[in-house]
Every structure is written in structure tokens, then in C-alpha cells.
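Visitor: Spelled out from the first residue to the last, the chains are:
Number of protein chains: 2
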Amino acid sequence: MILHLAAFRWKDDVTEADVSALTAALSEMAEGIPEIKSYTAGANLHLRPAGSDYGVVAILDDAAGLDAYLDHPDHVAVYEKHLGRMIAERSAVQLPIESGSLA
Amino acid sequence: MILHLAAFRWKDDVTEADVSALTAALSEMAEGIPEIKSYTAGANLHLRPAGSDYGVVAILDDAAGLDAYLDHPDHVAVYEKHLGRMIAERSAVQLPIESGSLA
Numbered sequence: 001m002i003l004h005l006a007a008f009r010w011k012d013d014v015t016e017a018d019v020s021a022l023t024a025a026l027s028e029m030a031e032g033i034p035e036i037k038s039y040t041a042g043a044n045l046h047l048r049p050a051g052s053d054y055g056v057v058a059i060l061d062d063a064a065g066l067d068a069y070l071d072h073p074d075h076v077a078v079y080e081k082h083l084g085r086m087i088a089e090r091s092a093v094q095l096p097i098e099s100g101s102l103a
Numbered sequence: 001m002i003l004h005l006a007a008f009r010w011k012d013d014v015t016e017a018d019v020s021a022l023t024a025a026l027s028e029m030a031e032g033i034p035e036i037k038s039y040t041a042g043a044n045l046h047l048r049p050a051g052s053d054y055g056v057v058a059i060l061d062d063a064a065g066l067d068a069y070l071d072h073p074d075h076v077a078v079y080e081k082h083l084g085r086m087i088a089e090r091s092a093v094q095l096p097i098e099s100g101s102l103a
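Residue numbers (full-length UniProt numbering), protein chains in the order written: chain Z, 1 to 103; chain G, 1 to 103.
Because the hints were derived from the structure by calculation, they are not lab data. Careful: at least some of the hints might be erroneous.
If several chains are the same, the list does not tell them apart, and a pair holds so long as it fits within one copy or across any two.
[Stated by the list, open to error] Derived lysine to any residue pairs resembling SDA-like cross-links, with alpha carbons at most 25 Å apart:
hint	residue 1	residue 2
1	Lys37	Ala77
2	Lys11	Leu95
3	Lys37	Ile97
4	Lys37	Arg85
5	Lys11	Pro34
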């Protein structure tokens, strides 16, 4: 399986309402894309200094599942309505994981 | 529970051998820190364009567990021996997750 993670730093004018609307839109999107096996998105809890503003963790069966998610019209729509205008900086990584390896 | 994710971009002089040595050191470290409930670290599979070079995902019970991990002498030692001299850029986020919510 594939774990896809992304960390975002927001532009200075992004509000808490923008972030809440994004999280709601991503959650709804994830429920409608069967290739997404697990989805977590939210504002950084900032438990340690110097972190980013927002994170996403998606688990997919394989690379085709990742493409199905990221290229899905509902994901593109969330990007166009919310994410695209909020991002100052984005970091993303895909890691191989074994099924059941995460708590 | 807390999911801690980190994405790294390496300096230009970082080699594959550096990355392999880091992954081995992090894996050994994680096995010795009981507060770490799950640990995945590795080079980005680069399944999509414009990603970072390396990622880490750790799952902890709570904020105290995160501190126990990141401030652990074995983690500090990995940072001093490997990670510190490799990092050009680091992004990190902590997200709340429910136990069993990840595949």
C-alpha cells in the first residue's frame, strides 16, 4: 500500500474559516472516492515548534489509486475552490507501507 | 492518538548511501522507543511530480509520547549523526487520529 502525505504552509491572508471549509470539503471528497482507504486532513496541532500549517495523510492500495484520488474531479474541484488560493508552500511524499502496519 | 508527519528536502550533496544509513538508523531507533506505536520512514517514491525527498510518519498515543520520541537521546543522536547535515528544508505536522482509523 501507499501512504501519501502532504504538508502545507498557508498564505498570510488565509483565515480559520478558510481552513474549516477546506477540511469539510476534503472530508466529503474522500468519502466519495473509493480508492481512498483512509483519509486524515486537518490543521497542524502545533505540538512542536516550527511546523507547517496543515497536513493530509491518505492511504491507497497502489500508485493507480493515488492517481485516481489526486486526479479525481472532486479533488480538482477542492483545489480550485479552496486549496489553490491558500497555498504558499506544499511538501508531499509517498511511502510504501504494509497493510495493518499503522496503529 | 497523534500522527506526526515530516517531509524533508535534502541538500544537493546528500547521497543514496546517506539516505540508506539514515533509514537504518531511524528504524533501529524506533524499535527502542516504546512510545512510538508505529513508524515509517523512507525516501519518497516520487509517484507524483514536485515532491520532497524523504518522509517520516510516526504514531504516538499523545503529546507526551511525541516529546518522548523527538527528545529521546537516540533520536537526538540520529539527528546529530545523519539528519542534521542532510536537511535543506523540513515540514512537519501533527494531526489527531482515532485508533484504528488508518489502514
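Visitor: Take the hints in turn and mark each one as holding or not.
Guide: Okay, the hints, checked on the actual structure:
{"no.": "1", "hint": "Lys37 to Ala77", "verdict": "within (20 Å within a copy, 35 Å between copies)"}
{"no.": "2", "hint": "Lys11 to Leu95", "verdict": "between (27 Å within a copy, 20 Å between copies)"}
{"no.": "3", "hint": "Lys37 to Ile97", "verdict": "both (13 Å within a copy, 15 Å between copies)"}
{"no.": "4", "hint": "Lys37 to Arg85", "verdict": "neither (27 Å within a copy, 36 Å between copies)"}
{"no.": "5", "hint": "Lys11 to Pro34", "verdict": "neither (31 Å within a copy, 38 Å between copies)"}
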